[in-house]
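Note that the sequence shown covers residues 24 to 971 in this note's numbering.
Note that these hints are calculated values from the structure, not bench results.
Predicted model only: the values in this text are computed from it and were never measured.
Don't be surprised by glycine CBs; every beta carbon is placed ideally from N, CA and C.
A hint or two may mislead.
[As the list claims (entries may be wrong)] Straight-line distance between alpha carbons at most 30 Å, and here's what the computed BS3-like set of lysine-lysine pairs gives:
# : residue 1 : residue 2
1 : K738      : K770
2 : K488      : K686
3 : K770      : K782
4 : K686      : K770
5 : K479      : K686
6 : K738      : K657
[Said to hold, decoys possible] Now the in silico label distances, taken between C-beta atoms and shown as ranges:
#  : residue 1 : residue 2 : range
7  : E677      : T730      : 23 to 31 Å
8  : E259      : A219      : 32 to 40 Å
9  : D544      : S217      : 31 to 39 Å
10 : E46       : T503      : 18 to 26 Å
11 : G829      : G509      : 51 to 59 Å
12 : L54       : R253      : 27 to 35 Å
13 : V915      : G829      : 46 to 54 Å
14 : G509      : F472      : 56 to 64 Å
15 : V136      : M181      : 18 to 26 Å
16 : A482      : L59       : 32 to 40 Å
17 : I224      : F472      : 29 to 37 Å
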Amino acid sequence: MAIFSRFIPESFSSDSMRSRVRERLAEAGGLGLWSLALCLAIALWSYDPRDPSANTSSSQPPANLLGRPGAYMADIMLQDFGIVGVLAILCLLAWGWRLIRHRGLAAVILRIVALLCSLPVVAADIAAVPLLVPGFPAALWPTGAGLGGAVGLSIAHMSIQAATVFVGRGGPALVWVLGLTLGLLLLLLAFALSFAEWKGIGRGIRFLLRQPVVLTRWLRRVTHHAAEARKAREEEETHQPAPGRAAAYVPPASVMGEAGLEASPFLKTAHGMEPSLEDMPTHRMAAGTAIMPVADPAAAKAVPSPAAKTVSAPVRAAEDQPRPAVAARKADGPRAPQVSLQTSWMHPPGMDEEITQPLLMGAPSSDRLPWHEDPAPEETGAVLTPAHDELPPGIAEPARPTLLSRFFSGGGRTAAEEPASMPDAYDPSPMAGAEETTYTTPPQPEWQFPSLSLLKPPASDETTKPTEELLQANAAHLVTVLSEYGVQGEIVAYHAGPVVTLYELQPAPGIRAARVIGLADDVARSLSVLSVRIATVPGRNVIGIEVPNTRRETVYFSELLMDPQWSHSRARLNLALGKDIAGESVYSDLGSMPHLLIAGTTGSGKSVGVNAMILSLLYRLSPEQCRLILIDPKILELSIYEGIPHLMTPVVTEPAKAVAALKWAVREMDRRYRAMAHLQVRNIASYNERVAEARERGEIVTRRVQTGYDPETGKPTFEEQQLALDSLPYLVIVVDEMADLMIVAGKEIEALLQRLAQKARAAGIHLILATQRPSVDVITGTIKANFPTRISFQVISKFDSRTILGEQGAEQLLGRGDMLFMQAGGRITRVHGPFVDDNEVEAVVAFLRTQGEPIYDDDVISPQEEESTNKPFSAPAGGSEDDGLFAQAVEVVAREGKASTSFIQRHLSIGYNRAAKIIEQMEKEGLVSEANHVGRREVLMRRPSDDE
24 MAIFSRFIPE SFSSDSMRSR VRERLAEAGG LGLWSLALCL AIALWSYDPR
74 DPSANTSSSQ PPANLLGRPG AYMADIMLQD FGIVGVLAIL CLLAWGWRLI
124 RHRGLAAVIL RIVALLCSLP VVAADIAAVP LLVPGFPAAL WPTGAGLGGA
174 VGLSIAHMSI QAATVFVGRG GPALVWVLGL TLGLLLLLLA FALSFAEWKG
224 IGRGIRFLLR QPVVLTRWLR RVTHHAAEAR KAREEEETHQ PAPGRAAAYV
274 PPASVMGEAG LEASPFLKTA HGMEPSLEDM PTHRMAAGTA IMPVADPAAA
324 KAVPSPAAKT VSAPVRAAED QPRPAVAARK ADGPRAPQVS LQTSWMHPPG
374 MDEEITQPLL MGAPSSDRLP WHEDPAPEET GAVLTPAHDE LPPGIAEPAR
424 PTLLSRFFSG GGRTAAEEPA SMPDAYDPSP MAGAEETTYT TPPQPEWQFP
474 SLSLLKPPAS DETTKPTEEL LQANAAHLVT VLSEYGVQGE IVAYHAGPVV
524 TLYELQPAPG IRAARVIGLA DDVARSLSVL SVRIATVPGR NVIGIEVPNT
574 RRETVYFSEL LMDPQWSHSR ARLNLALGKD IAGESVYSDL GSMPHLLIAG
624 TTGSGKSVGV NAMILSLLYR LSPEQCRLIL IDPKILELSI YEGIPHLMTP
674 VVTEPAKAVA ALKWAVREMD RRYRAMAHLQ VRNIASYNER VAEARERGEI
724 VTRRVQTGYD PETGKPTFEE QQLALDSLPY LVIVVDEMAD LMIVAGKEIE
774 ALLQRLAQKA RAAGIHLILA TQRPSVDVIT GTIKANFPTR ISFQVISKFD
824 SRTILGEQGA EQLLGRGDML FMQAGGRITR VHGPFVDDNE VEAVVAFLRT
874 QGEPIYDDDV ISPQEEESTN KPFSAPAGGS EDDGLFAQAV EVVAREGKAS
924 TSFIQRHLSI GYNRAAKIIE QMEKEGLVSE ANHVGRREVL MRRPSDDE
C-alpha cells in the first residue's frame, strides 16, 4: 500500500486518517485490477478468428462481447502468445487480491517487467514441446501458430537451432529446461504472492480435486442406505413374527441418525438384517447364552413392536437413575422353552451388551442415558442377554448399560461392569429378593477451577499488524530520519509485534549508542508517533528502535491461558504477564522471582496488570495450595476480591492493620522455618512432600522439647512432642499502593519488607508490591536491593524510570498495559500486558464464592500485645535505662505542663524516635491526651506544687 502514499494530500496530518485513505485507495486499485482481468477474460472467451483485427480485415460487426477493442485485444494475445495470455489475467487477479487484503504491492515496475518477460519465455517453452517430442498430438487451437502463439513459435525455432549448433543433440532439451526454470521464476516474481498465499492456493486446488471423489463416495453411501432401507421394508412385509413371539424392534432414524449408522459398522444390521431364529446355530441356542428362555408367552407380548407408541418417563440425572433390579431365581421345574424374538439389532457377536428396554423417541444423547422402567409382567419377564462363547451354560454376564449409552459416552467401562456369577435366568421383578445393582460414580473433586468461558475470548478476525511493504517503507524512512541527525547506519532486521515494531539498527563505525538513545524524542517527532524507545540489544551489535504500530492489538487474558505453554508449565506460581514484541506469550514464576516490585502512573495499566497476576494464581491454585493477603490502602482496587476462599484475612484497607499483617507474615515465616528445620528440609516444596509421605505411611513425627530441670540432678528434662502433619500453602501478599504505607510507618514497613524479602522465599511467602509514585522515598535503596525482579509501566519522567529499573526508557512507554519487565539477571524485556475487564474479574470472583466461604485467621491483623506495658521500646542494654528516661519525661511534662515529641527530645537530649515512643506510652497510660487537629496535647496528670 506504500505506492498510494504519494496520492494522499498533506492535509491529512493524522496517521489514522492517512492510513484509512491508503486502505481505501488500495481497495479501489484492487477492484480496478479485477475489473481489467474480467474484461480480458471476457474478450478471450468470446474470441472469434473472423472478427476484424490486426490480422483479419472484415466488414462484419465483431462477435466479441467487448466489441472491436475486445477483438483486437484477444487477437493480439492469442495470436502472439497463445494460451499463455491467461497468465496475464491470473497475475492481475493476484495483484488485486493483495491490494484488497491490504497486503501491499511493492516494486510495481519490477512486477510488470517480470510479467512482460515471462509471457514470451513460457510461450516459447509451450511451443517447443511439439518440436522436441515427435508425434505430439496437435491441440485444437483457433490460431495456426499453436498453443505458444507466433512469438513463442519463433523464439522456440531460434532457440532450438542455436542450441543444436552450439551444444549438440542434447542442447534443445537443456535450453527447454532452462527456459522453463526462468519462466517459473519470472512468474513467481510477477505474481507477488507470499509463501503462505501459495500454500493456500495449493490447498484450494487439492480441495477442488477431491470434490469429485467426495461426491462419488456420498452418492455411493446414499445408494447403499436406500438399498438397505428397501431391503428392510421387503423383509418386514414378507417375514411376519410367528404367533407367541414378539416383533423385531427396529430403531427409528431419529434416535440413531445417519451419522451414528455410518460411524458404527456393526449397526448396519439394524434395518432387518438380523438372522432369523431358524438361521441361528443350534449349539448357541442349546447353550442358552444367546437367547434366554421365557417363562410365559405373555412376557414376550410385552415387548413393544415397531409401531407401538412409547412414552418416556421424566428424565433425571444419569447418576440418579436406578438400575433395574437383577434377581436370582431358581427354576421351578422344566418349562416349555419359548424364545423371545426381541431382535438384538445392536448386538453383533462378541458384544457384551443387553437391551432391557426399548429405545425412546425422546431419549437424550447424554453421556449416560437414563433408565426407563416399563410395567413388568405379573408373573415373569423376558430379558435378552448377549451371547458369550467363553461362558459356560448357566453363567450369564451381569446387567450392563446398553450399547447406546456406551456409544454416546465413548465406550468407557463403568464400575458396575465387573463380571459375576449369575443364575441362568433373570427376573426384573423387585419381588425376587435380589440386591439392586446401582451405578457408582467417581467422587467429584472438592475444588473446581474457574472456566475460561468466564473470560472474554480473543478476537480471531483482528489483523492489526503492519504489512511487509509498510515495514520496509518505515525502515527506509527511519534510516532517512537518523541520517538527518548525523547517525549513519542501516536497518538489518525488523520484528512486528502486537503493539510496537522493533527495528534493529546497525550503526556505522564510530557511532556511540548513547548518542542514538538520546535522539528518541526527536525520532518520535519526525515519525509523527507518540513515543519511540531506543535501547541496545543485549548480546548483539545492533541498537533496537521500538516504534508504535498504527493500530495496536489487544492482548486478551484468555488467550494467554489457552496457550499450551501455560498448561504444560510446571511452575506452581506461574504468572501470565502478556506478550513480548514478537507476539510470544510471556510467563514468569513468582516462586523464582521471588518477589515483585511494580511501578506505574495512573492510567498506565498497573491495576489491570495486578488483577491479571491475581487471576493467574486463582486459575492455577486452590485455597489449600495458595492463600492471599490483599492490602489495598486505596480501598477501591482489590476490594472486588472480598469473600473468595483464597483470602487469609479480609481485604486490608487500614495502614495500621497492614503493618500488623506484615508483622504476622514475619512471625509466620519464622514458624515455617522452625517447622522445616524439624523435618530437615530446605524449602516449602520439600516440606509438603515430606509431610505427604509421612501421612501415607502413617508415620508420627515428633520433636524433642525441654520441659524443665530435674530437682535432684539439676539436669534439663526433655519430652517428645508430636508435630501436626499439615501441608503449608503458598502465601502471596499483594500491596496495591505502597506509598501510603511508607508515609504512615516508613521505617517499620521497610524493615519488615526487608526481612521478608531476604528470608521468605524458602518459606513459600512472596510479595507483590505496587506503587504509582516510584520516588526514592517510597522505593528506597534497601527495597530495591531486595527486589531484583521489577516491572515498570509508563512513568512520568526518566528519573522515575531510573528509580525503578536503573535506566531510562519507561517514560517512553505507551500506557494501557505496556511495560518493561526486568528479571533477576538485569535483562529488560518489553511486554504488553493482557486486558482484564472488571466484568471478567467479577465473574471469576462470583464463581469462586460459590465454592465455599473463606477461612479467616484473626491473628493476621490483630496487634500483638507487648511483653510489658512499661516497655514501649527496646533498648540495647535492657529496660533500666528506658524506665529512667520514661520517669524523667513524666517528671518534666508534669512540671512544665507541656507534652510534645520535640519538647521531650529537647529536654532529655534523646532522638526523635525514642521521644515519640515515650509520648505514645504516656498516652496509653492516660498521662496525656491525644493530639488535636493542630498536634497539641493536654497534660492530664496533676502538676506538682512547690511544697512537694
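Right, here's what the structure says about each hint:
no. : hint                    : result
1   : K738 / K770             : violated (44 Å)
2   : K488 / K686             : violated (49 Å)
3   : K770 / K782             : holds (19 Å)
4   : K686 / K770             : holds (13 Å)
5   : K479 / K686             : violated (39 Å)
6   : K738 / K657             : violated (57 Å)
7   : E677 / T730: 23 to 31 Å : violated (41 Å)
8   : E259 / A219: 32 to 40 Å : violated (56 Å)
9   : D544 / S217: 31 to 39 Å : holds (36 Å)
10  : E46 / T503: 18 to 26 Å  : holds (24 Å)
11  : G829 / G509: 51 to 59 Å : violated (29 Å)
12  : L54 / R253: 27 to 35 Å  : violated (54 Å)
13  : V915 / G829: 46 to 54 Å : holds (48 Å)
14  : G509 / F472: 56 to 64 Å : holds (57 Å)
15  : V136 / M181: 18 to 26 Å : holds (22 Å)
16  : A482 / L59: 32 to 40 Å  : holds (35 Å)
17  : I224 / F472: 29 to 37 Å : violated (43 Å)
Checked against the numbered hints given earlier, the structure breaks hints 1, 2, 5, 6, 7, 8, 11, 12, 17 and satisfies all the rest.
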